[in-house]
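J.: Below are the chains, spelled out letter by letter.
Number of protein chains: 2
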Amino acid sequence: MLKGGAKVDSFEVRLFDVDFDELTVILNVNDAAALRVNVGDRVKIRFGQKEANARVSLSRTYVGKGEVGVCRGLRDVLGLTEGERIVLEPVMFPRSSEYIHKKMRGEELSAGEIRSIIRDIARRELSRVEVAAFVLAEQFKGMTDSEIESLTLAMIESGERIEFKERAFDKHSIGGVPGNKVSLLIVPIVAASGLLIPKTSSKAITSPSGTADTMEVLAPVNFKAEEFKEIAERTRGIIAWGGSLNIVPTDDLIIRVEHPLMIDPVPQMIASILAKKVAVGIDNMVLDIPIGEGCKTRDEEEARNLAVKFIKIARKLGIKMQCGITYGGQPVGHTIGPALEAKEALEALAGKGPLSLVEKSTALAGMILEMGEAAMAGRGQEVAREILRSGRALSKMREIIEAQGGDSRVKPSDIPLGSHVTTVNAESDGYVVRVDNEAIKLVARAAGAPVDKGAGVILRFKRGYKVSRGDTLMEIYSERESRLSKAAALAAELVPVQIEGMLLGKI
Amino acid sequence: MLKGGAKVDSFEVRLFDVDFDELTVILNVNDAAALRVNVGDRVKIRFGQKEANARVSLSRTYVGKGEVGVCRGLRDVLGLTEGERIVLEPVMFPRSSEYIHKKMRGEELSAGEIRSIIRDIARRELSRVEVAAFVLAEQFKGMTDSEIESLTLAMIESGERIEFKERAFDKHSIGGVPGNKVSLLIVPIVAASGLLIPKTSSKAITSPSGTADTMEVLAPVNFKAEEFKEIAERTRGIIAWGGSLNIVPTDDLIIRVEHPLMIDPVPQMIASILAKKVAVGIDNMVLDIPIGEGCKTRDEEEARNLAVKFIKIARKLGIKMQCGITYGGQPVGHTIGPALEAKEALEALAGKGPLSLVEKSTALAGMILEMGEAAMAGRGQEVAREILRSGRALSKMREIIEAQGGDSRVKPSDIPLGSHVTTVNAESDGYVVRVDNEAIKLVARAAGAPVDKGAGVILRFKRGYKVSRGDTLMEIYSERESRLSKAAALAAELVPVQIEGMLLGKI
Numbered sequence: 001m002l003k004g005g006a007k008v009d010s011f012e013v014r015l016f017d018v019d020f021d022e023l024t025v026i027l028n029v030n031d032a033a034a035l036r037v038n039v040g041d042r043v044k045i046r047f048g049q050k051e052a053n054a055r056v057s058l059s060r061t062y063v064g065k066g067e068v069g070v071c072r073g074l075r076d077v078l079g080l081t082e083g084e085r086i087v088l089e090p091v092m093f094p095r096s097s098e099y100i101h102k103k104m105r106g107e108e109l110s111a112g113e114i115r116s117i118i119r120d121i122a123r124r125e126l127s128r129v130e131v132a133a134f135v136l137a138e139q140f141k142g143m144t145d146s147e148i149e150s151l152t153l154a155m156i157e158s159g160e161r162i163e164f165k166e167r168a169f170d171k172h173s174i175g176g177v178p179g180n181k182v183s184l185l186i187v188p189i190v191a192a193s194g195l196l197i198p199k200t201s202s203k204a205i206t207s208p209s210g211t212a213d214t215m216e217v218l219a220p221v222n223f224k225a226e227e228f229k230e231i232a233e234r235t236r237g238i239i240a241w242g243g244s245l246n247i248v249p250t251d252d253l254i255i256r257v258e259h260p261l262m263i264d265p266v267p268q269m270i271a272s273i274l275a276k277k278v279a280v281g282i283d284n285m286v287l288d289i290p291i292g293e294g295c296k297t298r299d300e301e302e303a304r305n306l307a308v309k310f311i312k313i314a315r316k317l318g319i320k321m322q323c324g325i326t327y328g329g330q331p332v333g334h335t336i337g338p339a340l341e342a343k344e345a346l347e348a349l350a351g352k353g354p355l356s357l358v359e360k361s362t363a364l365a366g367m368i369l370e371m372g373e374a375a376m377a378g379r380g381q382e383v384a385r386e387i388l389r390s391g392r393a394l395s396k397m398r399e400i401i402e403a404q405g406g407d408s409r410v411k412p413s414d415i416p417l418g419s420h421v422t423t424v425n426a427e428s429d430g431y432v433v434r435v436d437n438e439a440i441k442l443v444a445r446a447a448g449a450p451v452d453k454g455a456g457v458i459l460r461f462k463r464g465y466k467v468s469r470g471d472t473l474m475e476i477y478s479e480r481e482s483r484l485s486k487a488a489a490l491a492a493e494l495v496p497v498q499i500e501g502m503l504l505g506k507i
Numbered sequence: 001m002l003k004g005g006a007k008v009d010s011f012e013v014r015l016f017d018v019d020f021d022e023l024t025v026i027l028n029v030n031d032a033a034a035l036r037v038n039v040g041d042r043v044k045i046r047f048g049q050k051e052a053n054a055r056v057s058l059s060r061t062y063v064g065k066g067e068v069g070v071c072r073g074l075r076d077v078l079g080l081t082e083g084e085r086i087v088l089e090p091v092m093f094p095r096s097s098e099y100i101h102k103k104m105r106g107e108e109l110s111a112g113e114i115r116s117i118i119r120d121i122a123r124r125e126l127s128r129v130e131v132a133a134f135v136l137a138e139q140f141k142g143m144t145d146s147e148i149e150s151l152t153l154a155m156i157e158s159g160e161r162i163e164f165k166e167r168a169f170d171k172h173s174i175g176g177v178p179g180n181k182v183s184l185l186i187v188p189i190v191a192a193s194g195l196l197i198p199k200t201s202s203k204a205i206t207s208p209s210g211t212a213d214t215m216e217v218l219a220p221v222n223f224k225a226e227e228f229k230e231i232a233e234r235t236r237g238i239i240a241w242g243g244s245l246n247i248v249p250t251d252d253l254i255i256r257v258e259h260p261l262m263i264d265p266v267p268q269m270i271a272s273i274l275a276k277k278v279a280v281g282i283d284n285m286v287l288d289i290p291i292g293e294g295c296k297t298r299d300e301e302e303a304r305n306l307a308v309k310f311i312k313i314a315r316k317l318g319i320k321m322q323c324g325i326t327y328g329g330q331p332v333g334h335t336i337g338p339a340l341e342a343k344e345a346l347e348a349l350a351g352k353g354p355l356s357l358v359e360k361s362t363a364l365a366g367m368i369l370e371m372g373e374a375a376m377a378g379r380g381q382e383v384a385r386e387i388l389r390s391g392r393a394l395s396k397m398r399e400i401i402e403a404q405g406g407d408s409r410v411k412p413s414d415i416p417l418g419s420h421v422t423t424v425n426a427e428s429d430g431y432v433v434r435v436d437n438e439a440i441k442l443v444a445r446a447a448g449a450p451v452d453k454g455a456g457v458i459l460r461f462k463r464g465y466k467v468s469r470g471d472t473l474m475e476i477y478s479e480r481e482s483r484l485s486k487a488a489a490l491a492a493e494l495v496p497v498q499i500e501g502m503l504l505g506k507i
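Note that the protein sequences, when read in sequence, are chains A and B.
Here our numbering is used: the first residue of the first sequence is 1, the next is one more, and so on.
Here our numbering is used: the first residue of the second sequence is 1, the next is one more, and so on.
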């Protein structure tokens, strides 16, 4: 039974050009038995001074004894090449998994413990299951303000940072409302006033279009940190994709587990938003908190509580914040989907925008103008409207599009929309009593948004409008026939625009 | 921008002989883009009438366009061979993930919802992250008795069932105490009385030896359902590994996420234990609930509450249950590790066992004898002691060992122990004030248990014993020199056996 002291621990690298959701190695079953590891266990890999953890998968034939299959991610982390030798050993749980366990018990974590968790998420030393446990513990047990502050600071440490020599302003929405293209108006309005507004935005995860997706219809949005800074300082405004800047890379790793769990715990949401803002040097910002059906906050009280929490933690991190509570019970403007929204934003900048879009954009822009003393107290929205009306916002937007590498002469009619179109018509006379945010998002996504830029939805009627039988309630755009029919079927099932007659009963 | 209606959805199978922790496919990056899936997303695979879900990984080179790499697990589930064509489509979250979300919000689940979750875990349609969320929601939000009953029934549905024509008895411990080899005494005592005791047991996950690991030193423990039934009926007793019977396969999938999270939520523990018992046809059982430092239940009140819950749910499932609350603050007997424990159990059957082992075993066996009317009320332990003393338990054990395919003539001294041995000696005179369960487990595992059968620990002194400087407190056995030195170093660091002098202070 005695096997002697022989210890197999050095393995020959076989590169394996596949990307997995976690760093992965493939071991021969015999080597795995000798190392006492099984499928799904974790091993520590050492290569010179570098170390990483990976998940174990097993093969009888794909790798021989003494070999180890190395996935792309791990190759990149350690800088490995074919045939090199690496050292493997089974890992116990990292210390940080104890801290996650502590949070699961509802105890408060110290700054050091939170830093250890975030660092191990960034290094991919914690598995997806452990990251999920951390996020769920945040959801179920909550976090104190000081824990959220530590979480924010820890997340910032994991990525690059940008600093400006002057005050930098920003607007951010906590999200949930479809068609919310307001940033495409707010950024040029604020920049036209002379204030600096270096906006980072996200691509859609569950929505039909993130601000970065919409802006990308007009100009590139991927920039390195230095380019971002240079463009922002030169034009006073930029709308870039945050993901391209390598700020707060742990955010993406955390979102990857939040998404399948359909959760967005408040402490993580606050930390994630503030970390990205601090990392790009924002020190003054307006936060848009939409309320209403389908929004993250349901009523004004919840929104106010969230606002107070946000403002308090932002202040500790050196950000002066104001919150705007807005109506989010139906889409902003009439369009949903990247190209349709970019088109509507351009039209609004040219003075032909729908009221809800112009009102929301100028209200939030006005708050920023007041914060930056570019407008007197109480006069912000008025100044913002004037910047819009005068055409200065449109010229500034053209300047920004040009600086980001787009076509500054673009006209709304130049923007290509999906060529497959269908309409949903009213089946009776009546009033629109509900426009269902969730249903609209699902229909627009089924049509192909955000990946197909030209896909999406135009709402011809919104809440309170009077409609007659046969009126077109909404148009669905798609780039492919097959997606169009899926979206149309979904619209028939979900009834995103609901009508009620004046006659409510008959005896 | 229009791509036309072409839809790539049929792919050619490239078998890939690797086992992952989830069913996995490898797609070419271009195909993945066309399907709108990314690394870590899930796809549904159809092959004839069969369906399965798998996680997506990506490659530029390993699989070509139109090909799909298929891992071993998926090949087995669908019965695929090289070159066959399968259909892929992105999956939305399965309906059951909504029910998990409902539990996360703290709402009660219906029997149908729970069945849907367990079925999707069994089919591997839920990812590990989603299974983790379910188990964490059980931990944080709890479950009603009727939810636990539904959970138990759903788990039974997922596997095979065994039925006996007569009453079947069992003893189960909720675990946590090292050295708990009592089943190796209880099964032969009860079987010798004529009652049927078909015991399924587990292999160690976090402990140095599960009952199945210990029994495996004496005889094989892997049986198919029919063999299990045949042996049990013939000899009246068997000690088999539950994992070999394919009863309650979802249990293993759930344990795989509980383990890294270091949790064992009460609802899941109850359902998991009862499901396995119902599945093998048990209708009378004694549950051992140890209390004390390092046990799952800390005090008598917690143990009583757990007992009441267990008994109530067991009754609904047709199991008559009694609970024994036992002292678990230090190991049972003197040995920890498969071979050492098997040896000590054989010695105890031959009348030379330590008091703690004999007392606990006869007390629990006595409860079963009373339940089965093989002893009068209040006389069970006495009858159990007599069966042990008379040698009938030992002959029955030899019969069981023989029936399971082991050597019925085995003597304790035949059992091979690790040949590398070291001792931990007392550094001062005094009394043993603490034997640390957790530390003992870690040292025994570091020495190689449970994989190295001969590895483990002998405790020469237990709580309350008087020791003199230089006495051997514990011996560590290992099959490899390198593991022995690791275990010895750990013992020096953790001090599993703590001594305090009589002189507590000096002024």
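Hints are supplied without guarantee of correctness; some may be wrong.
Unchecked claim - Heads up, simulated SDA-like pairs for lysine to any residue below, C-alpha to C-alpha not over 25 Å straight-line:
id : chain 1 : residue 1 : chain 2 : residue 2
1  : B       : 44        : A       : 59
2  : A       : 296       : B       : 284
3  : B       : 141       : A       : 98
4  : A       : 102       : B       : 262
5  : A       : 486       : B       : 90
6  : A       : 102       : B       : 264
7  : B       : 203       : A       : 296
Derived by calculation from the structure, the hints in this document are not laboratory data.
J.: Hints first: check each against the structure and report whether it holds.
T.: Here's how the hints hold up against the structure:
1. B:44 - A:59: 24 Å, holds
2. A:296 - B:284: Outside the cut-off at roughly 51 Å; violated.
3. B:141 - A:98: Given that 25 Å is the threshold and the Cα spacing comes to 21 Å, the pair holds.
4. A:102 - B:262: Distance of about 11 Å is within 25 Å: holds.
5. A:486 - B:90: 14 Å, holds
6. A:102 - B:264: The given pair, whose Cα atoms are some 15 Å apart, holds under the 25 Å limit.
7. B:203 - A:296: Roughly 46 Å between the alpha carbons, so the hint for residue 203 of chain B and residue 296 of chain A is violated.
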